[in-house]
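Please arrange chain A on chain V, whose structure you already have, making use of the hints.
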Amino acid sequence: DSGVTQTPKHLITATGQRVTLRCSPRSGDLSVYWYQQSLDQGLQFLIQYYNGEERAKGNILERFSAQQFPDLHSELNLSSLELGDSALYFCASSVAYRGSPLHFGNGTRLTVT
Amino acid sequence: GENVEQHPSTLSVQEGDSAVIKCTYSDSASNYFPWYKQELGKGPQLIIDIRSNVGEKKDQRIAVTLNKTAKHFSLHITETQPEDSAVYFCAPSRGEGGGNKLTFGTGTQLKVEL
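Here the protein sequences line up with chains V and A, keeping their order.
In terms of our numbering, the first sequence is residues 1 to 113.
In terms of our numbering, the second sequence is residues 1001 to 1114.
The hints are simulated quantities; they were obtained by calculation from the structure and are not laboratory data.
This structure is a prediction, so every number in the text was calculated from the model and none was measured.
It cannot be assumed that every hint is accurate.
To be verified - Cross-link-like lysine to any residue pairs, in silico, SDA-like; alpha carbons within 25 Å at most:
1. K1022/A - L39/V
2. K1042/A - S86/V
3. K1022/A - S100/V
4. K1042/A - I1062/A
5. K1071/A - G42/V
6. K1057/A - G99/V
7. K57/V - G16/V
8. K1058/A - S2/V
9. K1042/A - I60/V
10. K1058/A - D1/V
11. K1037/A - A56/V
12. K1057/A - S2/V
13. K1068/A - D1/V
14. K1068/A - K1042/A
With the rest of the complex left out, here is chain V (with noise of 0.2 Å):
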C-alpha cells in the first residue's frame, strides 16, 4: 500500500460532461502529480502542485483543471469530455519538490462512452 488514495477507482460518464477525480496524497508528502495513461500508452504527465502552488505543468488540454487544497488532497476536473479521454488517471505525491520518490495511488479508471 503506498499511502495514496485516489477515488473514485471507475468512472463511466458521456461526452460532454465534467468529472472531478480526487486524491490524497501520503501522509507527510507536499507534492502532488497527475498522470494520464491510455491504453498501451505510457505515462502522461499532466501537472504538478507544491504545498498548494502549482509548480510544473505537462501537456495538459484546457478543459482539463487541479487544484491542491490546504489539507494537501487534489482534485482533477475533466470538463467537455471526449471519447479520446477515456484512460487510467494517476495521481502520485512525494515528500519534495523534486528529486525525491514518487508513490503512486492505484487510478482511476475513466471511460467516456
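Just chain A, lined up with the frame of chain V:
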C-alpha cells in the same frame, strides 16, 4: 524539455535468466534516477533509485547502473521470476533548478516465461 527513451520496449526472458533495460535521457542536469514497476491494474511502484554521486546500486536481485557522461542508466534483474513480469518505467529528474515535468520513459514490458 526532457527526452527519455527506454529500450527495449518489450523483453521476453526465460525464468532464471537476466534482464537489462536501458534508459537514455537528454537533460544533463538530471541527478536522480529511479525505476518503477507497474503491475497490471496497479499504479507504478518504486523498485530502486540512484543519485548521480553513485555509479551503481544493488538491492538483492535488482541493480541500477549509471553512466552520466553518456546520459543513460540501466536496470538489471538477475535470476528472473514470473512475478517480475510487469511494465518498467524510468523517470530521470533534476534535484535543483529549471522545470520539473518529471517525464517517464516509454516503458518496457518484461515477460518472464516458465
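Take the C-alpha atoms of K1058/A and D1/V, compute the straight-line distance between them, and say whether it is at most 25 Å.
holds (23 Å)
Take the C-alpha atoms of K1057/A and S2/V, compute the straight-line distance between them, and say whether it is at most 25 Å.
Roughly 23 Å between the alpha carbons, so the hint for K1057/A and S2/V holds.
Between K1037/A and A56/V, does the CA-CA distance stay at or below 25 Å?
holds (24 Å)
Are the Cα atoms of K1042/A and S86/V separated by 25 Å or less?
holds (17 Å)
Run the distance test for K1022/A versus S100/V: straight-line Cα separation, threshold 25 Å.
Measuring from Cα to Cα gives roughly 21 Å; hence the hint holds.
Would the hint linking K57/V and G16/V be met if the CA-CA limit is 25 Å?
holds (24 Å)
Mind checking the alpha carbons of K1071/A and G42/V for me, to see if they're no more than 25 Å apart?
Cα-Cα ~21 Å, so holds.
Agreement of K1057/A and G99/V with the hint, judged by alpha carbon distance not exceeding 25 Å:
holds (17 Å)
Satisfaction of hint between I60/V and K1042/A, Cα-Cα up to 25 Å:
Measuring from Cα to Cα gives roughly 23 Å; hence the hint holds.
Within 25 Å, alpha carbon to alpha carbon, are K1068/A and D1/V?
Violated, because 33 Å separates the two Cα atoms, which is more than 25 Å.
Taken at face value, is the distance from the CA of S2/V to the CA of K1058/A at most 25 Å?
holds (22 Å)
Take a quick look at whether K1022/A and L39/V sit within 25 Å of each other, Cα to Cα.
holds (23 Å)
Checked against the numbered hints above, the structure breaks hints 13 and 14 and satisfies the rest.
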